[in-house]
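Engineer: Here is what each chain is made of, one letter per residue.
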Amino acid sequence: MTDTPARPDPGAALVEALAAAVTAHPAVVRLDGGRFGAVATHLPGRRRLVGVRVGEPGEPVEIAVVLRAGRPIPQAVAELRAAVAALRPGPVDVTVSDIALDPALPGGGPS
Amino acid sequence: MTEATPPTTTTSTATTRGGGAATGATAGSPARVAEDTGQGRTTIAASVVQKIAGIAAREISGVYAMGGGVSRAFGAIRERIPGGGTGAANIAGVQVEVGEKQAAIDLDIVVEYGASIRELARAVRRNVITAVESMTGLEVIEVNIAVNDIHLPELDNPEDLPAPVVSRVE
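Residue numbers (full-length UniProt numbering), protein chains in the order written: chain A, 1 to 111; chain B, 1 to 170.
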């Protein structure tokens with residue numbers, strides 16, 4: 001939080017592009033902070049982008065998402081990983097924090 | 001309740017869209033997602049497995065409710081708390097242990113009177129294993145089912161009773 005908003009941060013654009021790419025996937029409900037809320041990027045301007053963390057070069061990108069229930073998670077994760085790796089080559093750690101249920105699904109509540 | 005369940009690895013027939021996923025080693029295979037593929041780790045939270053298992057168990061007719069008496073009571077309270085959400089109802093009676101590649105699931109269920117508990121447990125186990133393995137890619141090593149209670153229809157509503165046999169002959 002020592003950065004001032006006036007100073008452009010080349011990493012911020014990448015993080016925001018990654019977040020947009022992840023959120024655009026149809027299986028993704030929202031980004032999430034992961035188990036301890038640690039998957040987040042601190043951006044200049046006192047902003048905190050939860051759900052995407054880009055480490056130092058060589059470190060994996062971490063993303064944490066809440067997925068829509070009803071479709072296989074491995075496929076969605078593979079597609080997310082490919083989408084992120086297309087923007088920032090390298091390993092991608094994906095955390096599926098939760099799934100969001102459609103209330104219309106069976107089991108949405110105990111009748 | 002310890003019959004060996006065949007490892008039902010359901011092959012994901014979902015087509016990979018676009019071709020972007022084709023680069024992922026796990027894309028088309030039903031194999032474990034959680035393994036380190038060199039492209040990063042995949043972590044699936046326990047609540048994900050809990051919800052999937054809870055829904056899969058409820059899908060079987062004959063399962064009246066999930067959870068023991070206490071967790072059902074708490075679940076009923078939790079549902080009324082803002083933020084407790086309906087998700088709390090889905091994970092009542094489901095305990096999971098999730099590792100990198102495997103998951104173990106314990107279920108507490110209340111059965112309907114009139115269902116064969118042995119058959120019901122087998123059906124629940126099969127459905128839970130299929131759902132969790134196909135949805136998460138984790139291997140389900142065991143599903144332990146505890147039948148806590150049996151639900152008698154006449155306690156709720158006399159209309160739930162099976163219709164009495166009127167007459168055998170005319």
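Treat each hint with caution, since some may be false.
[Stated by the list, open to error] Pairwise CB distance ranges, derived in the manner of DEER restraints:
(1) B/LEU152 - A/ALA17: 23 to 29 angstroms
(2) B/ASP106 - A/ARG48: 33 to 39 angstroms
(3) A/ARG47 - B/ILE150: 51 to 57 angstroms
(4) A/ALA24 - B/ILE117: 32 to 38 angstroms
(5) A/ARG46 - B/ASP106: 27 to 33 angstroms
(6) B/SER61 - A/ARG48: 44 to 50 angstroms
[Said to hold, decoys possible] Covered stretches of chain A, as calculated for chain B (at least 3 residues, CB under 8 angstroms):
(7) 13-25
(8) 36-50
(9) 91-100
[Stated by the list, open to error] Heads up, incomplete: computed chain B residues facing chain A, CB under 7 angstroms, no partners named:
(10) THR42
(11) THR43
(12) ALA46
(13) VAL48
(14) ALA115
(15) SER116
(16) ARG118
(17) ALA131
(18) MET135
(19) ILE141
(20) ASN144
(21) ASN148
Source of the hints: derived by calculation from the structure; they are not laboratory data.
Don't be surprised by glycine CBs; every beta carbon is placed ideally from N, CA and C.
Engineer: Can the hint on B/VAL48 be confirmed by a CB-to-CB distance to chain A that is less than 7 angstroms?
Structural biologist: B/VAL48 check passes; min Cβ-Cβ to chain A is 5 angstroms, inside 7 angstroms.
Engineer: Quick one: are A/ARG47 and B/ILE150 within 51 to 57 angstroms, going by C-beta?
Structural biologist: holds (55 angstroms)
Engineer: Given the hint of 33 to 39 angstroms, check if B/ASP106 and A/ARG48 actually sit that far apart at their C-beta atoms.
Structural biologist: Holds, since B/ASP106 and A/ARG48 (Cβ atoms, about 37 angstroms apart) stay within the stated range.
Engineer: For the hint on B/ARG118, does the least C-beta distance to chain A fall short of 7 angstroms?
Structural biologist: Given a least distance of 23 angstroms, the restraint on B/ARG118 is violated.
Engineer: Range first: 23 to 29 angstroms. Now tell me if the beta carbons of B/LEU152 and A/ALA17 are that far apart.
Structural biologist: violated (59 angstroms)
Engineer: Just tell me: holds or violated, for the beta carbon distance of B/SER61 and A/ARG48 against 44 to 50 angstroms?
Structural biologist: Since the Cβ atoms of B/SER61 and A/ARG48 sit about 47 angstroms apart, the hinted range of 44 to 50 angstroms holds.
Engineer: Please verify that hint: B/ALA115, Cβ, nearest Cβ of chain A, below 7 angstroms or not.
Structural biologist: violated (16 angstroms)
Engineer: Next item in the hint list is B/ASN144. Is there a CB on chain A closer than 7 angstroms to its CB?
Structural biologist: At about 20 angstroms, which exceeds the 7 angstroms cut-off, the nearest Cβ of chain A leaves the hint on B/ASN144 violated.
Engineer: How about B/THR43: closest beta carbon in chain A under 7 angstroms, or not?
Structural biologist: holds (4 angstroms)
Engineer: Using Cβ atoms only, decide whether B/THR42 comes closer than 7 angstroms to chain A, and label the hint accordingly.
Structural biologist: holds (5 angstroms)
Engineer: How about B/ILE141: closest beta carbon in chain A under 7 angstroms, or not?
Structural biologist: With a minimum Cβ separation of about 18 angstroms from chain A (threshold 7 angstroms), the hint on B/ILE141 is violated.
Engineer: I want to verify a distance hint. Is the separation of the beta carbons of A/ARG46 and B/ASP106 within 27 to 33 angstroms?
Structural biologist: violated (45 angstroms)
Hint violations for this structure: numbers 1, 4, 5, 7, 8, 12, 14, 15, 16, 17, 19, 20 and 21, all remaining hints satisfied.
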